[in-house]
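Chains A and B are the protein sequences, given in the same order. So that you can map any letter, position 448 of the first sequence is 449 in the numbering used here, and since no number is skipped, the others follow by simple counting. So that you can map any letter, position 886 of the second sequence is 887 in the numbering used here, and since no number is skipped, the others follow by simple counting.
No lab work stands behind these hints: they were computed from the structure. A few of these clues could be false.
Copies of the same chain look alike in the list, so a pair counts if it fits in one copy or across any two.
Pairs of lysine-lysine residues, derived as BS3-like cross-links and limited to a Cα-Cα distance of at most 27 Å, are as follows [claimed, not checked]:
(1) Lys629 x Lys188
(2) Lys615 x Lys804
(3) Lys188 x Lys804
(4) Lys768 x Lys656
(5) Lys794 x Lys618
(6) Lys81 x Lys794
(7) Lys629 x Lys804
Protein chains: 2
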Amino acid sequence: MKLPGQEEFEHSSAHENVLAEELDSGLGPGPSLGGPSDTDNGESGVSKDPLLFIQLNELLGWPQALEWRETGRWMLFEEKLEVDAGRWSAPHVPTLALPSLQNLRSLLAEGIVLLDCQAQSLLELVEQVISGESLSPELRGQLQALLLQRPQHHIQTTGISSCRGPNAFRNVSFDEDTPMKLQNPLKQKLPPGAEAAAVLAGELGFLAQPLGAFVRLRNPVVLEPLTEVILPSRFFCLLLGPPTLGRSYHEMGRAAAVLLSDPQFQWSVRRANNLHDLLAALDAFLQEVTTLPPGRWDRTARIPPPKCLPSQHKRSLSELQEVTGLSRGSAAQARDRHHHGQHAPSPELQRTGRLFGGLVQDVRRKACWYPSDFLDALHPQCFSAVLYIYLATVTNAITFGGLLGDATEGAQGVLESFLGTAVAGAAFCLMAGQPLTILSSTGPVLVFERLLFSFSRDHSLDYLPFRLWVGIWVATFCLVLVATEASLLVRYFTRFTEEGFCALISLIFIYDAVGKMLNLIRAYPIQRPGSPAQGCFCQFPGPGGNASEWTSTKHKDTDVLSVVSLVNASLLSPPECIRQGGYPRGPSCHTVPDIAFFSLLLFFTSFLCAMALKHVKNSRLFPSVVRKVFSDFSSVLAILLGCGLDAFLGLATPKLLVPTEFKPTLPGRGWLVSPFGANPWWLSVAAALPALLLSILIFMDQQITAVILNRAEYRLQKGAGFHLDLFCVAVLMLLTSALGLPWEQRLTGLVVFILTGVSIFLAPVLKFIPMPVLYGIFLYMGVAALSSIQFMKRVQLLLMPTKHQPDMLLLRHVPLSRVHLFTAIQLACLGLLWIIKSTPAAIIFPLMLLGLVGVRKALEWVFSPLELLWLDELMPEEEKNIPESGLEPEHLFSRAGNEDSELMYQPKTPEINISVN
Amino acid sequence: MKLPGQEEFEHSSAHENVLAEELDSGLGPGPSLGGPSDTDNGESGVSKDPLLFIQLNELLGWPQALEWRETGRWMLFEEKLEVDAGRWSAPHVPTLALPSLQNLRSLLAEGIVLLDCQAQSLLELVEQVISGESLSPELRGQLQALLLQRPQHHIQTTGISSCRGPNAFRNVSFDEDTPMKLQNPLKQKLPPGAEAAAVLAGELGFLAQPLGAFVRLRNPVVLEPLTEVILPSRFFCLLLGPPTLGRSYHEMGRAAAVLLSDPQFQWSVRRANNLHDLLAALDAFLQEVTTLPPGRWDRTARIPPPKCLPSQHKRSLSELQEVTGLSRGSAAQARDRHHHGQHAPSPELQRTGRLFGGLVQDVRRKACWYPSDFLDALHPQCFSAVLYIYLATVTNAITFGGLLGDATEGAQGVLESFLGTAVAGAAFCLMAGQPLTILSSTGPVLVFERLLFSFSRDHSLDYLPFRLWVGIWVATFCLVLVATEASLLVRYFTRFTEEGFCALISLIFIYDAVGKMLNLIRAYPIQRPGSPAQGCFCQFPGPGGNASEWTSTKHKDTDVLSVVSLVNASLLSPPECIRQGGYPRGPSCHTVPDIAFFSLLLFFTSFLCAMALKHVKNSRLFPSVVRKVFSDFSSVLAILLGCGLDAFLGLATPKLLVPTEFKPTLPGRGWLVSPFGANPWWLSVAAALPALLLSILIFMDQQITAVILNRAEYRLQKGAGFHLDLFCVAVLMLLTSALGLPWEQRLTGLVVFILTGVSIFLAPVLKFIPMPVLYGIFLYMGVAALSSIQFMKRVQLLLMPTKHQPDMLLLRHVPLSRVHLFTAIQLACLGLLWIIKSTPAAIIFPLMLLGLVGVRKALEWVFSPLELLWLDELMPEEEKNIPESGLEPEHLFSRAGNEDSELMYQPKTPEINISVN
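The shape of chain A in the complex, shown without the other chains:
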């Protein structure tokens, strides 16, 4: 299963995301960089060695005022000190000149290499290093004093340091040590057990010979003033020499630091036994560097940290061989991709072969997580999720439930919608850092219910009892599906089906939001200059007490005085007129001016505001916490803004009307639906037919949602519960049918029941929400859901000139015409679904949804398995069709750092995926 945006190598937002993400995992201020997340970053293949913080101290000021200054630091990426600006650069990919690496190599080859040095302090270390050099005692003393000199560190204190002058360097002295250590935000971000490496480089005029030393300490020791952060140092590298043209000790120092920051080199050098091993590690590094031609790349350009680091596992293997030719076909790559994907059947989708075997396993798997489901729901992130789902519920209640409520014969009013619609999803926010995947339900099922209602009305059926039987049948079918482990069929729901389904639901949302808005405008017509005469006139009944009579039969005895007062009173506003006992008459009495356009304004404002706030996340302004709040609560804020605008102007816009009394909306019915009502008995059997359709719909909706939710990218820890979920749906179906509440199919958590109470408690507040605002949010949900699927990206490709197309992986592997053909087929399917939904045959549309699976199957005749793998994913029986290409053992032929490492370019943290289906 692939993430919708998996292959997007997008420059704009994705890039920004990485930037923000990697900056956080860099050295800049930001959240703590923990050990585990670091090992996830591709280092895990190599070792569990401690994290290394590398600092470059440069010797400056020769010959007058020698001083050491920290000019660079490395952890994952390089940060340079902008000397003039007095700030650290953003973390970036370090770039080196080849000669500096070669010079470093020769300097180390001639220099002192102490592995497993036993020094306990900087003094001891320096003495050991210098003792190896043939220097005069005087020079030795000078050198020693110099090496022990305290370097200048540029410490970036927390908070905005706007009151500092241009010279923000601080001399970290021993005495200031403790406060400094507390102040340095870096220290807090380093995981426990981190080690330091100090590289000292510079030009020293009094040296006759270059002095190179590489020291690995047996036991890491805090070399006190050397590093900005008080960490035990494991490595010490000294690169000094007389100023010579063509030898920049600064660049050599950077080269040494970059080498040490390379996980592979670090791994080797931690285990090196002698100089030879050290140089071998350096040579291995050189073999693998990426080179950019000087005429096409400027070395000063800073490359922001890439989306994803190269796999170290692959690098270790690749040391066995050099890069091979183009010989390795894309079939093997595709297979890799296949294996990288999670298409290999997960344990949740293994057939047990026993009746209800899947359900039993689900219960077993889930039971231990049950308490944590409640604890996890307390996470602050869940709050915004709950609010979002709550709003989705409200809008759902209005758009679908309200529609049924309008037709007062229908089953449900707004109250029932509130009671019945679930606020699920909070339980999905299972762990911190997990993406906020929110799935608001009820869309398709309510569409079906609407169809069922008009069907029963057309055939003069007693709707609620009929509906009860449909519910009973659906519950039965669902139980059968659970018993037979039908959820395993989920593997046939490839992205093709998912996207068709999701696009249809999104379109329904958009269509309904716009439609509702147009209805509202029709209800509050705009007065055009050419439209019928305006004017409203307050008419009082004559003494006879009959107003109509008064105008038709002319009472001769009418007092002129009363006529005059009548004329004056006729200017009263309609409510005032009614209060004084009159009747408002005239074409404009019942039209409220300004409402239509103000509603439109509210509609667009809430839609655009929600869209804009959602994108605040990718902005550079404001701290990330603020942006996150804006983004997570975008809908809520948009609604608040709409309500505020509405309250400010105080216009009589239509508001959300929630009944405050707790009783069924349809007058005269109890809470329990009678099993037969006015229907003939055989209808309870005939209900099995619509129930079959509804079962298909519920099964698809439920399972597709579950598949999306359980994608590997979301790193769920608690395992999926396909069978359990379906079982819950079956039980709830029975319950809601009996009570005449809307059907709701996804109720994994118990949170729904708690929040239903809140829902009713909130009702008095909700009456301040103007409907156009909710329609706007509704539109936003539809648009957001639609734009999140890869299908839409491919639709955009249809309009995009070839040269502007993004570097999507699928475009590297599938001819554009084939991609377009696939997209066109999807578009055609969607169009067909929409047409069916709009015709009298609409009630069979669940069958057509199932038909998507068939279409996808038929696509095997049009596309090759490889193409389908890139465009979609494979159905179970297609998997064996991917040629193995006879490469054995496979990993030996994986091209080192070549094509197939593209597979690593799957975003680690998927974007927030709001899928409103």
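Guided by the hints, dock chain B onto chain A, whose structure is given.
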């Protein structure tokens, strides 16, 4: 002088721009890549050698079906063949593994190097290459046949190739040659004289030894089937060998191609005399490659072409030396930057020392360009410019002129505004490809005129004669300024002043647009439920003929019948009521419902639409031509949309009212203003005081605009005319004052007079434009102008967390706190200007604008010259304060490809800069 966005190293839009631009200059479909633009791309420092098209043909299918296939091509950047997808990748920076370069080196060192080969055909060439090898005759024949085999080229035909299957390779045979050549869009894009280089690489099992050959042909020959484009080949490189682990001939072939695509290597190898020279060139290349550490960069990630290529000039120099340390201070870099900038006085700004000397020189310089000014104005790009300025004029006429017209005592109505306001700027679109710099004027001068008008009203002066004298004085002062070459003072208008001025004008635009809109809403009040009683009632006069009498004195003989008809008639709409001889009475008779909100909708729609269309340029959708049209005509399209909406609903929104009669708006005045009118004689002398203020304003407005226009980045070819422009202003000032037309100060071209006629011709059409739409466009112009200045970027920095700040050059060199301080001072100045503009002292605001120059001068006490250089630019006498750092000769110490090549990161084609001042 720096471009507003000069230092932005922005990831989003700037990056996209490069992409689009470089793609065009790459091999993808797009505009022709001419020779001159190529040499601009940094190659000019090396040579005027022909452009080289390099193609890599790989030998595939060993051992069964050997065939050559083109898998890569290079011109500026690399394009890879996506074999599966059957398409060329987007051009990207080539990345190489170091071993492939080393292997290539050793293969060439052992192989055959033929420099100045005399072969006349591929056959001759192949024979010469093979003859050097010790092969059995049989193998020799086999090899020769193989090398002469026709390779498979992937030809991308023009147009969308959506009907091709997955196998889009075509066998280019001799017979198909001519049509192929015509079809291949690449051929059309190569400049005349381009040469080809063919690299043939692959694994060949029957070879015992690797076979490497590098051939330079003395006279380039078309080696017929080798290259996809029929070009004479200069280089031929053959890299074949037995399949060996660790030797990828594919990667070696790529390395050879990348080498040949490097301008420096190409230059050397064109002049190489022997193998030694060739290897030296390769070694020089190796010395300069940029290396990326394998653990931090994945080689398969494709780096899009950079914003700007490295300077080849610097590379040639850097060969003399290796990179040096950090020793070179930022002073030298800053000086470089200084020299790179155009602050060195341009010839236009050299003092002649003679009276009117500058004017004479301007006339001389400009005279030869005079005819071309008219020809250039015919360029299609000018059309959108003219339309834009025309719209700016219309909105100006309404917002400022209209305002004066509202106060009917004022000098000018809309007609005068139309007549008077200039449509300049078309003459600025002097050459194709030049950015569309449009400077719509009148803002500040009209603000001043407004102030002058209220002043004369407050003191009961006869406005027009007073204004005439002000105009006469301004003309005199301007002539004095021209005579004394005061335009040379322009160098004191640094970006600080420019930005303050521009921000003020933008704010005035925004403020006025919003204010006008609020006035409109006040004129069409919204009916709230709580507002005074609604209702409109049509009242007919009683038989006495006096309506008011009718209600106050009660006529006993009133027929009830007439009362009843009165009641019925009271429902008539106000216009109908008036037509039938009645009077509409009641609070809602004069309120037109829905207009306020509909106007707001139109206002926001036109604003957002213009903004959105402007950004279509950066979208990936649609061909660039379409996007360009959308972007250039954004305002026009937005207005059309607004008019369409308005026409569709047919509401009585206030429209743009243009008089159709050609007469002065103020009744009773002739076209010529009387010199004294009702004013005392001494007022003509006193008018010198406001004239002085206005002269300062005009001088600053005129000169700042000219400075912005004449920036080096715009590559104007015709030279500046500071003095000439000011002279024109003086003459026009006199003319407009005498005729009572609005002052208009920037009239370089004659186009204005032609377009004024069009303006009146268009008047009947203009009446369909709703005012809110124009206000929306007006708001858009203000916002667009405001967001284009660097000042706003720095204001954003105030809100941006350090780690999200873009990699701006100034942030690399100036501490953040100092940047913030500078921004804060600018903000304070702007606030002060705004306050003065809003108080009774407003008339002195031109003086305060001049005060900006003083504030900038005072900043020298707060900031160091270096900081000012990065934050702003230097005033003339500051230039000598930049320390020279005693580096001599300077270029020897320029760090090769290090810090100061950042200077190259100035955008070559500045973005469209719409500066509405």
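Original post:
When no copy is specified for lysine 615 and lysine 804, does a C-alpha distance of 27 Å or less occur within a copy, between copies, both, or neither?
Top reply: The answer is between: 21 Å across copies meets 27 Å, while 30 Å in one copy does not.
Original post:
With identical chains treated as interchangeable, where does the CA-CA distance between lysine 188 and lysine 804 reach 27 Å or less: within a copy, between copies, both, or neither?
Top reply: Between copies only: 17 Å across, 46 Å inside.
Original post:
Between the shortest in-copy and the shortest cross-copy C-alpha distance, which are at most 27 Å for lysine 629 and lysine 188: within, between, both, or neither?
Top reply: Intra 25 Å, inter 51 Å, cutoff 27 Å: intra-copy only.
Original post:
Are the CA atoms of lysine 81 and lysine 794 at most 27 Å apart within a copy, between copies, both, or neither?
Top reply: between (38 Å within a copy, 23 Å between copies)
**OP:** Classify it for me, lysine 768 with lysine 656: is the Cα-Cα distance of at most 27 Å met within a copy, between copies, both or neither?
**Re:** Within. Shortest intra-copy distance 6 Å satisfies the 27 Å Cα cut-off; inter-copy 39 Å does not.
Original post:
Checking lysine 629 and lysine 804: alpha-carbon separation at most 27 Å within a copy, between copies, both or neither?
Top reply: between (35 Å within a copy, 16 Å between copies)
Subject >> Copy assignment of lysine 794 with lysine 618, given that the CA separation must stay at most 27 Å >> reply: Both. Shortest intra-copy (21 Å) and inter-copy (19 Å) distances satisfy the 27 Å Cα cut-off.
Hint compliance for this structure: every hint is met.
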